[in-house]
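Number of protein chains: 4
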Amino acid sequence: MPIRNHHHPVQESHGNPMSRQTPESRERYRHFLALQTRWIDNDAYRHVNNVVYYSYFDTVVNGYLLGRGVLDIEKSPVIGLVVETQCRYFSPIAFPDAVHAGLRVARIGTSSVVYEIGIFRNEEPLAAAQGRFVHVYVDRASGRPAPLAPELRAALEPLLVSPSP
Amino acid sequence: MPIRNHHHPVQESHGNPMSRQTPESRERYRHFLALQTRWIDNDAYRHVNNVVYYSYFDTVVNGYLLGRGVLDIEKSPVIGLVVETQCRYFSPIAFPDAVHAGLRVARIGTSSVVYEIGIFRNEEPLAAAQGRFVHVYVDRASGRPAPLAPELRAALEPLLVSPSP
Amino acid sequence: MPIRNHHHPVQESHGNPMSRQTPESRERYRHFLALQTRWIDNDAYRHVNNVVYYSYFDTVVNGYLLGRGVLDIEKSPVIGLVVETQCRYFSPIAFPDAVHAGLRVARIGTSSVVYEIGIFRNEEPLAAAQGRFVHVYVDRASGRPAPLAPELRAALEPLLVSPSP
Amino acid sequence: MPIRNHHHPVQESHGNPMSRQTPESRERYRHFLALQTRWIDNDAYRHVNNVVYYSYFDTVVNGYLLGRGVLDIEKSPVIGLVVETQCRYFSPIAFPDAVHAGLRVARIGTSSVVYEIGIFRNEEPLAAAQGRFVHVYVDRASGRPAPLAPELRAALEPLLVSPSP
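These protein sequences, in sequence, are chains B, X, U and A. Numbers given in our numbering equal positions in the first sequence, counted from 1, plus 1. Numbers given in our numbering equal positions in the second sequence, counted from 1, plus 1. Numbers given in our numbering equal positions in the third sequence, counted from 1, plus 1. Numbers given in our numbering equal positions in the fourth sequence, counted from 1, plus 1.
Just so you know, these hints were derived from the structure itself, not from any lab. Keep in mind that the hints are not guaranteed to be accurate.
Per label pair, the in silico range of CB-to-CB distance [said to hold, decoys possible]:
#	chain 1	residue 1	chain 2	residue 2	range
1	B	E124	U	S163	57 to 67 Å
2	X	P148	A	D140	51 to 61 Å
3	U	P78	B	A142	58 to 68 Å
4	B	A35	X	S163	41 to 51 Å
5	B	A35	A	L67	41 to 51 Å
6	B	A35	U	E28	43 to 53 Å
7	A	R145	U	E124	18 to 28 Å
Taking beta-carbon pairs under 7 Å as the criterion, some of the chain U residues facing chain A (in silico) [unchecked claim]:
#	residue
8	F33
9	N51
10	L67
11	V71
12	V79
13	T86
Quantities reported herein were computed from a predicted structural model and do not represent experimental measurements. Quick reminder that beta carbons are idealized off the backbone N, C-alpha and C, glycines included.
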């Protein structure tokens, strides 16, 4: 489902003000992870399947948190639940392309974080896809929303980007 | 990322009017596919990973289209590109749960279709997750938007549901 | 990787006496799980990718053990590690095919179990693929091999099949 | 399924002479691909699931062939079918580990190729897992075994390794 291209403007709006309708450039992101495509990422249309982009999102977010020492899967009393994800696809990627996943934080709430991710193909300057990934932190035992830990907040602040005008 | 539950209201809004903030019931969907979870669907938190829900979306949409004879992967001159997907997660699912994927169509445009999917766990009446999946149809050769084929439009109409009040 | 067919005999032997060179029938298996293919299971050759068969193996084995109450992911002091898997592919499967996974046990050792799995497409009588899946049970804390629990052994015995002549 | 370790010798043999029972070192492989783990690769045991190793095999083999210009998914008259895969698992890998996949060729037949793959975790000298991946080349139209193309044979010869004594 992937033979998309930057040149066919999709003029019909689907009504979602939060998703940016046009591909952004790399400068809009604060942290990058180089990712590889895998043979199995390609689907019957011979491009990376729409589902797989979310595994890139998951990897860049959790990789960032693990790298900063603010994610402890086994023991932390407070855990991040994914409550919403979204992706807009602008142009195709296919194995064996390289991918750079750009990460930024759009909002740090009391108990939630809104991440935004840009997926860049090889050395292309504009995103092939853009998405969001929303964590709500809850107490592991009670399941109730819990405030973000100060260390987590400190790790996220360098990624915070104000909305583009 | 999965120990979600229906009982913790997430009061912070993330600004997206299109995604329904509360779980809907099965009556709001027009077509159902019984799906199985797989062992590998569970992630390190021991629930179905957020990425995997999109493979359920993909399967119910393409399965419906194949079943109606309106998807020809190899030869059709016009193909559907996935231009946007989204999911909100309300409560966890885990292997070996059964899943019912409900499908409806929220909008049929000139060259695009907006599908909405509800993921129901076992016999639960309310959705564990809800999402959307947007196809834009393009000419396979030129990549330019192309009008929906009449047979496709006819296959989609029974799934059309007007927005809930 | 998938346009295989029962009619092209692969006469070159690859030297592995344990893998059965020819497709078996359903009667050779003791437990069945109906499985669905997913859109994403198909790869660029438009058939189920070779990797995905192992997710069917994993699911039928763990599903059987969970169903018999002899698998406790979180707490059991002894856990099964996968030490070897193998698959021979005879003929292709593709979404939206249905799959029946047949399961049997070829050997119950002191601390290990050798499972064999047959993957049957739709109503076909002969396996599309056949594989094995070997668990070694170890003490969760020390990592040393541990004897199979009596309940596990009891759950496995009905699946035990002597080698075909 | 994954808390394996190099130090617990599994003394029960499972009867397969082709799979090497002990981890080999990197020198036994001829081509390497650096691979990343993904968050979703980890399963409920918090290590890379046994299925996922095969996506690494697939990627290193097809990546090598694409890089040498001897794989044309869309048009080549002769295609490689995967007829057998196998993996032995020695010790666990977990996201965010890096992986190096070593590749060699154990046998070049008239119409088949036996690849062997070693999966190395981070900078470890011994393989965490070892596997094989067998391609049979067939005529795309007839499905009958076809001789390996001379260019393919030339691309494979540098990877050929004689069995260790």
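With a cut-off of 7 Å, does the beta carbon of U/V79 approach a beta carbon of chain A closely enough for the hint to hold?
11 Å, violated
Do the numbers back the hint for U/N51, that is, is its least Cβ distance to chain A under 7 Å?
Since chain A brings a Cβ to about 4 Å from U/N51, closer than 7 Å, the hint holds.
Classify the hint on U/V71 as holds or violated, based on whether any CB of chain A lies nearer than 7 Å to its CB.
Violated, about 15 Å.
Can U/T86 be said to touch chain A, with a Cβ gap under 7 Å?
5 Å, holds
Quick one: are X/P148 and A/D140 within 51 to 61 Å, going by C-beta?
About 39 Å separates the Cβ atoms of X/P148 and A/D140, which means 51 to 61 Å is violated.
Starting from the hint 43 to 53 Å, judge whether the C-beta atoms of B/A35 and U/E28 obey it.
Distance hint for B/A35, U/E28 holds at roughly 51 Å.
Taking the beta carbons of A/R145 and U/E124, is their distance inside 18 to 28 Å?
Given range 18 to 28 Å: holds, Cβ gap about 26 Å.
Supplied distance hint 57 to 67 Å, evaluated on CB atoms of B/E124 and U/S163:
59 Å, holds
Lying within 41 to 51 Å: is that true of the beta-carbon distance B/A35 to X/S163?
46 Å, holds
Verify the interface restraint on U/L67: the C-beta must sit less than 7 Å from at least one C-beta of chain A.
11 Å, violated
So the hint says 41 to 51 Å: do the beta-carbon atoms of B/A35 and A/L67 match that?
Given about 19 Å between the Cβ atoms, the range is violated.
Closest C-beta approach of U/F33 to chain A relative to 7 Å, hint status:
20 Å, violated
Violation of the numbered hints given earlier is confined to hints 2, 3, 5, 8, 10, 11 and 12; the remaining hints are satisfied by the structure.
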